[in-house]
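Novice: Going down the list, the sequences are from chains A and S.
Just so we're aligned: the first sequence equals residues 0 to 818 in numbering that gives the first Met the number 0.
Just so we're aligned: the second sequence equals residues 0 to 256 in numbering that gives the first Met the number 0.
Read the hints as simulated data drawn from the structure, not as lab findings.
No experiment lies behind these values; they were computed from the predicted model shown.
Fair warning: there could be bad hints in the mix.
Short, incomplete list of chain S residues facing chain A, as computed with Cβ under 7 Å [to be verified]:
| # | residue |
| --- | --- |
| 1 | L72 |
| 2 | D73 |
| 3 | D93 |
| 4 | Q94 |
| 5 | R99 |
| 6 | P125 |
| 7 | V136 |
| 8 | W137 |
| 9 | H216 |
Facing chain S, from chain A, some residues (calculated, C-beta under 8 Å) [what the hints assert, rightly or not]:
| # | residue |
| --- | --- |
| 10 | L12 |
| 11 | I16 |
| 12 | G465 |
| 13 | R469 |
| 14 | T604 |
| 15 | L724 |
Ideal placement from N, C-alpha and C gives every residue a C-beta, glycine not left out.
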Amino acid sequence: MRAVTLASIRAHLPRLIASTLAIVIAVGFVVATLVLNETSRATVLDAVGAPYVGADAVVTSDDGTGLDDELDRIAALDGVAAVDATWESGVQALLPGRTGQQYLLAESVADAPALRWQVVADGELPDAPGEIAVSERTGAAVGDTFPLTSFAPDGTERSSSVTVTGVVDLGGDPTSGIYGRVWGTAEQLRAWGAVDPTELRVAGADGVPAGDVVQQVGAALADRQVLVRTGTEQAEVEAARLTGDTMALTAVLLVFATVAVLVAGLVIANTFAVLLAQRTRELALLRCVGATARQVRRSVLGEAALTGLAASALGVLAGIGLAAGVSAVAEAADSPVPLSGLSVPLVAVVAGLAVGTATTLLAALAPARGATKVAPLAALRPVDPEPLRSRGGVLRLVLGLLLLVPGVLLMGVGVALADVLIALPGGALSFLGVVLLAQRAVPPVVGAVGRLAARLGGVPGRLAAGNATRNPRRTAATATALLIGVTLTTAMVVGAASTRATAQAGLAAQYPTDVIVQGDGTMPASLPGRLAEVDGVVAASSLTAATVTGPDGEETGVSGLDAATAAPVLRSTGDVPIPAAGEVVLPWWADSSWGIPAGGDVTFTAGGRTATLTALYGDVERPTLPVAELAALAPEAAVDTVWLRLADDADHTDVIDQVTDIAGAAMPFAFVTGMANERAAIDSVLDVLLLVVTGLLGVAVVIALIGVGNTLALSVVERRQENGLLRALGLTRTQLRGLLAWESALVAGVAALLGVLLGSFYGLVGVASVLGSYGELVLSMPWLQVGAIVLVATVAGLLASVLPARRAARTPPVAAIAG
Amino acid sequence: MPVPVMTVPGEQSESLSGAAVRAAGLRKTYGGGETAVHALAGVDVAFARGEFTAIMGPSGSGKSTLMHCLAGLDAATAGQVWLGDTELTSLRDDQLTALRRQRIGFVFQAFNLLPVLPARENIVLPMQLAGQRPDPVWFDDVVARLGLRERLGHRPHELSGGQQQRVAIARALLPRPDVVFADEPTGNLDSRSGAEVLGLLRSSVKETGQTVVMVTHDPSAAAYADRVVLLADGRLAGELTDPTAASVLDALRDLGA
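With the rest of the complex left out, here is chain S (with noise of 0.2 Å):
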């Protein structure tokens, strides 16, 4: 049996002060006294600049919310976050925003595109939010990526599942942010689907340099990263490198026993 290469968690923080993403004793707890729940009770950790990093963890081990947190999207209860030098508990909601919309990419599990945009549009939408004129060159080149070239003027009831994450995925990459967050991306999508899209989330961290952290519960699907996290009860519990469907099945059946 393969034995997991585990570190001790926040001891990397510093010699990773290079980070793309990371954070310092983030916590975050819902309700207060006897009934509070503790999502996330003290986590350190970093994402290096193009690495393809996967979260995992049991139901309730506070991935998402980590997630969340790590973009901007939620606040933390205590700790910081910082994206590159800018750190984002400090910031006010406009400011996030602004960050969100410019250095931030999501790729999300349902409800990834707006209804009444077609996918050109719903690509382009933040840089447009932004003000922004995108790069023409760079919006063919990712559209080609992506296969999205004869599927720019539908719309997303038009599309299918896995191209519907396409639109997404070429959204949150056109602003080559400084990390692109996904959220279960293979979540609602058949495996050939789900393969797909892990594919080309790979290959943008492998030929663009993109930094990518993915939160999932699928350990075929953490196969595609560079590097897994792996949670529990809100805590960071251990980590892998180039893992494996496998390696990455008994990592969490550690945790879980």
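In isolation and in its complexed conformation, chain A is listed as follows (with noise of 0.2 Å):
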């Protein structure tokens, strides 16, 4: 039976390339998300652990006090060479090319040479106070001086002149990009307001092992809150801390890779059951010569498991292909990805061979049974041109109405109480529903539309509407592929866009203005105008201030705000209100403060004017008051703060630079907060998120249109003896081109359609059992982005049919008499 199986897969190889293929998109996927995974965390653990290279015990504390007291007793332990406290502080300086100051991150480096640990680019480490080593994120060179401001731990500020000695390479770290870095020795850290030391690093002397100096630290600190690690593990844990979100990307990816196989394990069912059932007659005749029924199906599974294990191992090789790709494009174009060189853990490589091996076995067990049923008689009957039959239909309908109406149930449920743990499982269950139904929906929606086609396609179009509908079965389990990729895909989008406009309304109240400029002290009254001058900004408001006796006597500071300026620039007045005339927009505080109750009323008092207002209460930092009422109260008042708001496409950066440039000039004390920039955070991370997650679900519509195709060119193969009849009758190539690109485009049309119905449905109910919870929700319908998958499904489907199309175009009239 061996021979059999491995001639059979010889003569059907041709077949049998678009299951292998969809293995090989499904392992592939899966590999190179593994391997993307630990190549990104081999290249965090080798940026961030830099610091704990040379370190052999790490001391870290609980509370992050006390570990400068520890550093003598270290020192004079027998198996330690060196010990080194770290020591960290903010500080802000007013970097070469730049006007406004910069917030950059302070760190000491060690005196002992075994525990430097930067990689210098350029110059050499600090050794004095006075001198610094830099970050390439700051974009200063050797030899640069400049000011540099520090604050100390009561908050009183210090400003020195450091000069640059060095440059150093942080390599893949993540956080290199975010702010830039400054070292100086830990004399110049304490002096720039380092109280106490992050941690302390312990070289051991040579010839001890790692283990040994934890151990005798950890021995000699055991009275203390400390913990000792290895540099490694220190490492690790450093790594894990900054990757843990690439964890849950990994989580993401291997959901989406388990969508991919689970389309393939369809595809490659669909092919085995139509190669099976070509070969109705040549297995009957194995049974006939006296092959047993076990034979019979051993055989049929050996070829799956042989092609599963041939196609993994392409796919395995695909997936690790594609992440060194995708690795030597995110190193090359400076992503903040971290990935730099390739890890391939062995786990990928297994996981990949075991999955795509098992999914196919496992697609090609029902078809290998229906084999055995094959009675050796059927070798002597003439070919059988019936359609299949669909069997089991009762059982399929039972189950997917048992599965389908409780799962709606349940997310409905979960829809109400916004509880999205409620609606996963009734939506992976009412999936399941819909996926069995899909056997028996599927066809007669075609067959509707197809009647739709038959009268736009001539006869084309009428063939191929009854040759889409003749195998319901086949059809159905072509269309269910890609009915799964495109109803995830449609959820997904739907959900981003919903999750994006709820999350935009909710930013919006969060953060009502984009840029705020707070002076030091008056402004010089040309900064508003140069301000809303910046190109982004499109609206600018000047917010007036002035200290006046508030009700309890004491003093207080109060804005005056311009409603026709400020009402452009809000985003939102959900939590700031604009005070009308005779109103005051008081902060939380003053409800306890001063025991006004909103509607209340409430008196200020300057230089013997007094004025009486109507309490509201908002986000406000101080008592904000119409601009007019302030300049009446107290005439004294100046502009000491403007709100920005930034075109919405304008680079928010970029603006926000060139803002903080043009205060830092006028004012050297200028306070610049982006708002803006917080919000276009969060927008550009969901579309980059949505960008992602189409692009995965997009392997797995890839995947079944790879089944669309598949399954016309099968189709081809098994009318063969027909369309030689049609060309013998007088259809002429072209109109059987025709033929079988309206059959795809049915098949794949429909399924499309279907998908994006059932995916905005799941898209809807997911974001309103997810965001329920979260006050209010926005739905939005993306139609362009929905609209153009149907589209592309389509178009897609058809493509599919090229191929096969060319095959049945060759086939030659006589094929119908000579069969």
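Dock the two chains into a complex; use the hints.
Specialist: Spelled out as structure tokens, the structure:
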């Protein structure tokens, strides 16, 4: 039987291409995900772990204090060669080429050469106060001198001038691009306000293993609340802290990989079913000449196992190649995703091979069982042109409904209670039900749409409509594969659009102003105008400030707001109401300290003048009243704050940098807060997520489309005689190609349409159940994208028919007679 | 023993230039070199309008290949085929396709109909492919003569073998083709249905002047024809006019000897 199995694979190799391709893609996806995850972890470990490479032991304290006192005790230990405390602080610096102050993270460099981990790209590490090394992000070069402001623990500022002696290369550290870093001596860091070391790094004496060093240090510090780890352990802890998100991403990726594998399974099951249906006579002949049912089944499963294994091996290679490509691109593009080099974990290879082979075997199981039912007599009968009749339809229907109905009910409950933990199993159950029922529902829908096609497509259209429904089981299986992919893609797109709309509404309420520029005292009169003119700023509003006496007799700062200019600046007045004439918006603290209820009267006095206003409450820092009333109360009130609104399509970071520079030049201690950045960051995270997710689900859709092409290709083989007859009767090659194009477009179009309907439903339910508990829910339907999904799936279905159609068009008319 | 009327192949082709179909020097070779198989080794033959001709010969004599080449289903290796005044071997594929659907009718041994279409649609299919509407009077006439009026809405698998073959004949006759080619039309039928089908072909020749060329290996089927053309080893091996089952059987036996 082994000879038969191998010969059969050789003979049917072209027909196995589609299932092979499906497995290759699915397995490649799984492997690439695992490899990229491992590569990212290794990259982060490399970069984040750099400080701990030379350290044999690292001591951290639970409460972050007291490490300083232990330096001497550790240094005195036998196995310890050197110990160094790491000091950290934050400073502001006016970097070369900038006019506004930048925040920089400052760290100390070790005295002991063994514990100096920094890779110096240029110059050398600092040795004395006043000298610093900088990270590349700062843009400073060796020899640069610039002013730096540090803050003592009590908040007092101190300015000094520093000189750059070296530039440090941080490698693939994912945080290296976020803010600039500077390094100084420990003494310098203490002068910059560092109070306690963040950690102690210990270098062991020559020949003392790291474990022993940790043990000695641990024993010496047994009386203290400290953690002692080896350098490697500490690096892993730090890396895990940073890659927590990456892990979540991996989990998400694996979910999509599962979807891809599932869809591939459907395509494979379909292929084997058709292959075996075509070989009924061949299998029956095997039975006739003495093969047992078991032998036939083993032969079929052996074929599946070999195909699966070979395709999985290809898939593993493809996955590693893909990961290498992604890593190379990410590295070249300096992407924030930490990827460099390639780490292939063994588990990825094994998992890829196992998943691919197991999926193929499982998918082939049902067709193989069918094959064993072939009666030996079938070999002697002429080929039966009768379409296969679907069996087990009732069971499928009942099971489908049993899953669908409770699933939908659970989703309803989930939406009503805004509990995703109830809606999720509901969604899973109902979707399983849908997949089962699709086998029944799809053929009639294809038939109905087919009647439309028959009207439009002439004879080829009518024949295609007939052909698409003549083997309902196969049509359903083909369509189901595509349906799953399209449903999930649409659910994601719809879900993300609604999530985004909801998040945007929430963000607008939370951050009504894009940029706030606060002066240090009175603002130069020309500044608000110059800020309003910055490219990308669409609206500006100036707020005045004065000090008045509050209802409790204490002095308090108040702001004057111009309703006319403020309204277009604020993205939402939900949390920050604009006071009308005779009103004042009080911050929440006023409720308790002044005891004035909303709607009550509040009186301010200044220089003998008084103003009595009706109290509102909102998210403001100071009592805020209309600018005219503040001017009447305190004529000396001057502009000290400017609110800016940025254009939605502007590069917010760039605009904020410009605003910072202009404000900094006019007032050295101007304080610029950019909420726009935060909003844009959240926005772009959602955008990227959506893009990534859509791309990933696209893989499932691609596999499903291969299935469409495959089914057609097999139909072409199956209907060789029939196509020959059509050619003999006068169907031109073009018409024959049209026939297959129609058939393909019909199946793909119907699957896409149903998928989009289902997906929209699932997406909206998902959003409603996930975000329902976060307050105001904004549902959004991305019609354009959803339309594009239907269009792309249908057109791709058409494309999938090209190769089979070319083959069909080559059918000689004589095939009708020759068979 | 009746002596078959034998004529020398090719001599008549000039006098029959008004023939519905004729071939000159037709060759069909499969493979090449030493393994080449000559299915047709130079055939000159003509079929008169309004005549029912049977092509006969032992298995492998090339009778099916001859029909495929005559009907434009297969390309000859050498030689020429005329349908009326149209020379087929020089036509491109889509010209041949158009010619087939307008001027040639086919009846095959098996798998004659498209399973997805009901009988009526199967019958009008070639005309629809050509973008033509069948003449309703002629359609009714053909359907009535073939006894299919009650069966027009049935799909092929709901029809008996004889009924399916009658649908195929109706489809072949409907466009009033220059010639109907029938390839073993009774091969899959029981003797009663077979006789019925042959009678219908016969009467379409008699009553409407349809030209029919039939390939068969069954002497009693050939007996329905006006003329029998005998083929052996890819060459014309004689012909019989007004054949009977017995005379055809004798002629075949002579070929085998």
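Novice: Next, verify each hint and record whether it holds.
Specialist: Here's how the hints hold up against the structure:
1. Because the beta carbon of S/L72 sits about 4 Å from the nearest beta carbon in chain A, less than 7 Å, this interface hint is met.
2. Checking S/D73 against chain A by beta carbon gives a least distance of about 5 Å; that is within 7 Å, so the hint holds.
3. Hint status for S/D93 relative to chain A: holds, with the closest Cβ pair at about 5 Å, below 7 Å.
4. Restraint check, S/Q94 versus chain A: the minimum CB separation of about 10 Å is more than 7 Å; hint violated.
5. For the restraint placing S/R99 at the interface with chain A, the shortest Cβ-Cβ distance is roughly 5 Å, inside the 7 Å limit, so the hint holds.
6. The interface hint given for S/P125 is met, as the beta carbon of that residue sits about 5 Å from the closest beta carbon of chain A, less than 7 Å.
7. A distance limit of 7 Å between C-beta atoms decides the matter here; for S/V136 the minimum to chain A is near 23 Å, and the interface restraint is violated.
8. Hint status for S/W137: violated, given a least beta-carbon distance of 18 Å to chain A, over 7 Å.
9. A cut of 7 Å between beta carbons decides the hint on S/H216: the least distance to chain A is about 14 Å, and the hint is violated.
10. The beta carbon of A/L12 comes no nearer than 25 Å to any beta carbon in chain S, farther than 8 Å, and the hint placing it at the interface is violated.
11. A hinted interface residue such as A/I16 counts as satisfied when its beta carbon comes closer than 8 Å to some beta carbon of chain S; here the least separation is about 27 Å, so the hint is violated.
12. About 3 Å separates the beta-carbon of A/G465 from the nearest beta-carbon of chain S, less than 8 Å, and the hint is met.
13. Taking 8 Å as the C-beta contact cut-off toward chain S, the hint placing A/R469 at the interface holds, the least distance being around 5 Å.
14. A cut of 8 Å between beta carbons decides the hint on A/T604: the least distance to chain S is about 93 Å, and the hint is violated.
15. Among the interface hints, the one on A/L724 holds; its C-beta lies about 7 Å from the nearest C-beta in chain S, closer than the 8 Å criterion.
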